[in-house]
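Just so you know, the protein sequences line up as chains R and F, in that order. Reading the first sequence from the start, the letters are residues 1 to 180 in the working numbering. Reading the second sequence from the start, the letters are residues 181 to 613 in the working numbering.
Read the hints as simulated data drawn from the structure, not as lab findings. Treat the hints with caution; some may be incorrect.
Stated by the list, open to error - Once the Cα atoms are required to be at most 20 Å apart in a straight line, the calculated SDA-like pairs of lysine to any residue come out as:
#1 R/K99 x F/Q593
#2 F/K472 x R/K158
#3 R/K99 x F/R335
#4 F/K472 x R/P123
#5 R/K158 x R/Y144
#6 F/K472 x R/G82
#7 R/K99 x F/G352
Predicted model only: the values in this text are computed from it and were never measured.
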Amino acid sequence: MRKRRSLPIAMAVAVAALMPGAPARAAHYDLGQPVGPATIAPWNIDVSPDGAGLPPGSGTVAQGRQIFAARCAMCHGDAGQGGIGDPLVGGAGTLSSAKPKKTVGSYWPYATTLFDYIRRAMPYNAPQSLSADEVYAVSAYLLYLNKVVPEDTRLDAKTLPAVRMPNRDGFVPDPRPGAL
Amino acid sequence: MTDNRSPHHATSASASLPARPARRGALRRLAGTLAGGWAASQLPAANAQSAVTQAPLAIPPWTREPGASLLSPAYGAPSPHEGDVIRRSARAPALPGSGSSMTPLADLTGSITPNGLVYERHHAGVPAIDPDQHRLVVHGLVREPRLFTMDDLVRFPSESRVHFLECSGNTGSEWNGPSGLPVQFTHGLLSCCEWTGVRLSTLLDETGADPSARWLLAEGADGAAMTRSLPLDRILDRALVVYAQNGERLRPENGYPLRLIVPGFEGNTNIKWLRRLKLVSAPEMTREETSKYTNLLPNGCARQFVFEMDAKSVITRPSAGHRLSAHGYYPVSGYAWSGRGRIRRVDVSTDGGKTWQPARLTSAVHDRALTRFEADWTWRGEPADLQSRAIDETGYVQPTREALVAARGLNSQYHYNGIQNWRVGADGEVRNA
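Required output: the full structure, derived from the provided sequences and hints.
Okay, structure coming up:
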């Protein structure tokens with residue numbers, strides 16, 4: 001397994017094509033069409049932990065408080081305490097207890113995930129309806145509620161990836177197979 | 181009827197199923213027919229119940245008249261007598277399109293799940309996708325990004341393979357001990373289909389892949405724009421981009437018109453309504469692979485990127501909610517599966533795991549697929565504890581709940597694959613205890 005992981009993927013693709021049952025040629029079928037970045041852009045919305053994919057724009061805690069009240073609080077509660085939507089605040093220090101409370105503040109390892117997820121999937125009743133500025137602002141407000149950033153914070157493509165989440169080092173690799 | 185139930189109501193509703201005349205009758209028939217047949221000489225209790233039937237057989241009305249015409253209906257549906265064989269939700273979802281519904285495992289035979297009974301897990305409902313407008317983008321660390329229509333995708337060389345799908349939250353109800361729930365609610369986030377599509381590697385041959393590509397981000401076109409990062413070297417030899425299940429195009433709730441199938445990996449990674457594949461150098465750390473689908477350990481750390489579903493099995497018949505109405509022969513039957521390969525063997529115990537007998541594998545044994553097993557059992561009225569244990573081709577043996585809890589504690593939520601116990605009382609009632 002370890003050895004295979006060091007294989008360049010281009011080689012692994014060729015290997016897969018030679019497996020029994022695979023199409024006989026590693027050929028090009030000339031199906032589909034080449035596509036450029038401007039065409040893909042509206043769908044190319046993922047954000048990685050280094051900040052790649054974050055759009056221009058910015059938002060503050062104060063702006064986020066207003067947007068949250070208007071668009072998010074109906075499911076997540078006035079202070080992010082949860083409702084029909086997940087609780088987003090609190091739970092610090094509970095992960096090793098009998099009743100762990102997993103929230104943005106206590107559990108999420110990357111602040112960039114917040115932007116990525118809110119932009120793609122929230123609010124539940126109107127996904128992908130918030131502007132980049134609004135997503136930065138709501139992200140800032142949630143991080144403020146969790147005491148991760150101060151109240152005067154403004155987030156943008158440069159400052160968001162620099163936010164260090166409290167549970168950043170809380171994850172370990174899968175030890176299976178070989179261990180339960 | 182199926183959606184707004186509390187777990188308590190769901191339990192009692194399902195547990196009451198066998199008490200309905202049709203189900204109880206079926207179990208009685210099972211007992212009577214087999215006991216009176218080839219096994220009769222070994223089964224004095226059942227044999228003693230058999231009496232020679234003297235009444236003349238009735239000629240029923242359906243024999244005395246022509247039946248329904250062709251095309252009634254044009255797309256066939258199950259007999260109305262099978263109307264209680266349906267998906268059910270264990271609890272009402274918090275939001276209408278989120279949550280899950282579960283496959284009625286106890287009422288199914290063989291190893292294939294009918295399309296209308298494949299379990300559902302959605303995060304933002306079922307999108308109504310027009311296949312003519314649907315597109316798949318393959319981009320990122322590729323030589324040439326490409327856009328595919330559905331017509332393009334069905335023109336590639338195709339492949340059909342049977343694989344199970346299991347939500348990693350399946351059987352999470354049993355972490356704290358026997359839940360009392362019937363098998364639809366303990367194990368029903370589990371289905372198995374023949375999937376048809378194009379190999380992921382075929383599409384990547386078409387775009388070319390940069391040597392720095394290590395992970396694949398897969399994304400859906402639903403309102404959740406569901407995304408997961410997958411390690412390319414662990415999926416490239418088997419992942420399929422599929423457009424059909426069990427011989428027909430995907431059902432809307434199972435990803436129509438296009439989904440990813442990553443054989444053996446937890447259900448959430450098999451992205452439905454697939455619109456985008458992006459080759460990247462490192463995982464994107466999406467919400468579903470950080471805050472969800474991570475397995476919290478007692479020390480407060482969580483396992484991340486826990487992909488393969490370990491070997492597991494469950495007896496579906498008899499199981500909780502059934503009632504054995506006669507002494508005699510019963511086949512003890514269920515499913516075994518492994519996310520790491522083929523099922524090698526299944527053992528069955530009727531004494532709570534003290535002794536085991538090997539079961540017969542009665543369906544084709546496919547790689548990473550549900551495999552049907554069956555073992556002989558003669559019930560003479562004694563209390564019994566029925567268990568099954570799967571062993572896969574890697575030699576992995578399905579663990580006990582106690583072993584899982586010792587390794588992972590009680591809060592890891594996902595990937596529960598402990599041995600399941602069904603307790604048979606002297607009255608024939610079968611319970612999850």
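Against the structure, the hints:
Among the hinted pairs, R/K99 with F/Q593 is consistent with the structure: their alpha-carbon atoms are about 12 Å apart, no more than 20 Å. For the hint pairing F/K472 with R/K158, the CA-to-CA distance comes to about 26 Å; that exceeds 20 Å, so the pair is violated. About 52 Å separates the Cα atoms of R/K99 and F/R335, which puts this hinted pair outside 20 Å; it is violated. At most 20 Å may separate the alpha-carbon atoms for a hinted pair to count; F/K472 and R/P123 meet this at roughly 18 Å.
Taking the CA atoms of R/K158 and R/Y144, the gap is about 17 Å. The hint holds against a cut of 20 Å. In summary, the hint linking F/K472 to R/G82 is supported, as the alpha carbons are separated by about 16 Å, within the 20 Å threshold. About 16 Å separates the Cα atoms of R/K99 and F/G352, which keeps this hinted pair within 20 Å; it holds.
Hints 2 and 3, counting from the list given before, are not met by this structure.
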